[in-house]
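**Q** Sequence:
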Amino acid sequence: MTAAEEGDIEALPVEEKYKALLRLCVKLTLHAYKVTVEDIEGLRRAGLGDDEILEGVWVACQINAVDRLADTFGLYELMQLQER
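So the sequence shown is numbered by my numbering: it starts at 161 and just counts up by one.
A few of these clues could be false.
Unchecked claim - In silico EDC-like cross-links for lysine to aspartate or glutamate, where the CA-CA straight-line distance does not exceed 16 Å:
no.	residue 1	residue 2
1	Lys179	Glu212
2	Lys177	Glu215
3	Lys179	Glu215
4	Lys177	Glu201
5	Lys177	Asp199
6	Lys177	Asp211
7	Lys179	Asp168
8	Lys187	Asp168
9	Lys179	Glu166
10	Lys187	Asp199
11	Lys177	Glu165
12	Lys194	Glu215
13	Lys187	Glu170
14	Lys177	Asp231
15	Lys177	Asp210
16	Lys187	Asp211
17	Lys179	Asp199
18	Lys179	Glu165
These are computed hints drawn from the structure, not numbers from a lab.
Make the full structure from the sequences, and use the hints.
**A** See the structure below:
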């Protein structure tokens with residue numbers, strides 16, 4: 161199993177700044193209300209630009225939205241809502 165499949169951010173072969181962004185995405189997935197200005201500033205200090213931060217957060221939010229939609233309807237298999 162790969163680091164990505166295991167959700168092991170620290171073992172991923174990516175730059176530290178992207179690991180920091182992934183850690184923030186996990187935080188916003190689990191506890192969005194706990195994300196602070198200091199978290200965003202930390203990403204900037206790690207070398208991310210505002211456009212990279214916005215894109216990373218946007219993608220995480222979209223994935224979370226789809227996941228919650230699937231959970232709401234109990235969708236666990238691809239194409240489960242096809243017309244019958």
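**Q** Determine for every hint whether it applies to the structure shown.
**A** Structure-based check of all given hints:
1. Distance check on the hinted pair: Lys179 and Glu212 sit about 13 Å apart at the alpha-carbon level, within 16 Å; holds.
2. Note on Lys177 and Glu215: the hinted pairing holds, with a Cα-Cα distance of about 14 Å set against a maximum of 16 Å.
3. In summary, the hint linking Lys179 to Glu215 is supported, as the alpha carbons are separated by about 14 Å, within the 16 Å threshold.
4. For a cut-off of 16 Å, the pair hint linking Lys177 to Glu201 stands: about 12 Å separates their Cα positions.
5. With a CA separation close to 13 Å, the supplied pair Lys177 and Asp199 stays within the 16 Å bound.
6. Of the supplied pair hints, the one linking Lys177 and Asp211 holds, its CA atoms being roughly 14 Å apart against a limit of 16 Å.
7. A hinted pair counts as satisfied when its Cα atoms are at most 16 Å apart, and Lys179 with Asp168 qualifies at roughly 10 Å.
8. Straight-line distance between C-alpha atoms of Lys187 and Asp168 comes to about 14 Å, which keeps the hinted pair within the 16 Å bound.
9. Distance hint between Lys179 and Glu166 is fulfilled; the C-alpha atoms sit about 14 Å from each other, no more than 16 Å.
10. A distance of roughly 10 Å separates the Cα atoms of Lys187 and Asp199; the hinted pair therefore holds under the 16 Å criterion.
11. Straight-line distance between C-alpha atoms of Lys177 and Glu165 comes to about 20 Å, which puts the hinted pair past the 16 Å bound.
12. Simply put, Lys194 and Glu215 have alpha-carbon atoms about 19 Å apart, too far for the 16 Å limit, and the pair is violated.
13. Under the criterion of a C-alpha separation no larger than 16 Å, the hint pairing Lys187 with Glu170 is consistent with the structure, at around 15 Å.
14. Among the hinted pairs, Lys177 with Asp231 is inconsistent with the structure: their alpha-carbon atoms are about 31 Å apart, more than 16 Å.
15. Our distance criterion of 16 Å between C-alpha atoms is met by Lys177 and Asp210, whose separation comes to about 13 Å.
16. A threshold of 16 Å between alpha carbons decides the hint, and for Lys187 with Asp211 the separation of about 19 Å lies outside it, so the pair is violated.
17. As the CA atoms of Lys179 and Asp199 are separated by approximately 13 Å, the hinted pair is consistent with the 16 Å bound.
18. Of the supplied pair hints, the one linking Lys179 and Glu165 holds, its CA atoms being roughly 15 Å apart against a limit of 16 Å.
Comparing the model with each earlier hint shows violations of hints 11, 12, 14 and 16; every other hint is respected.
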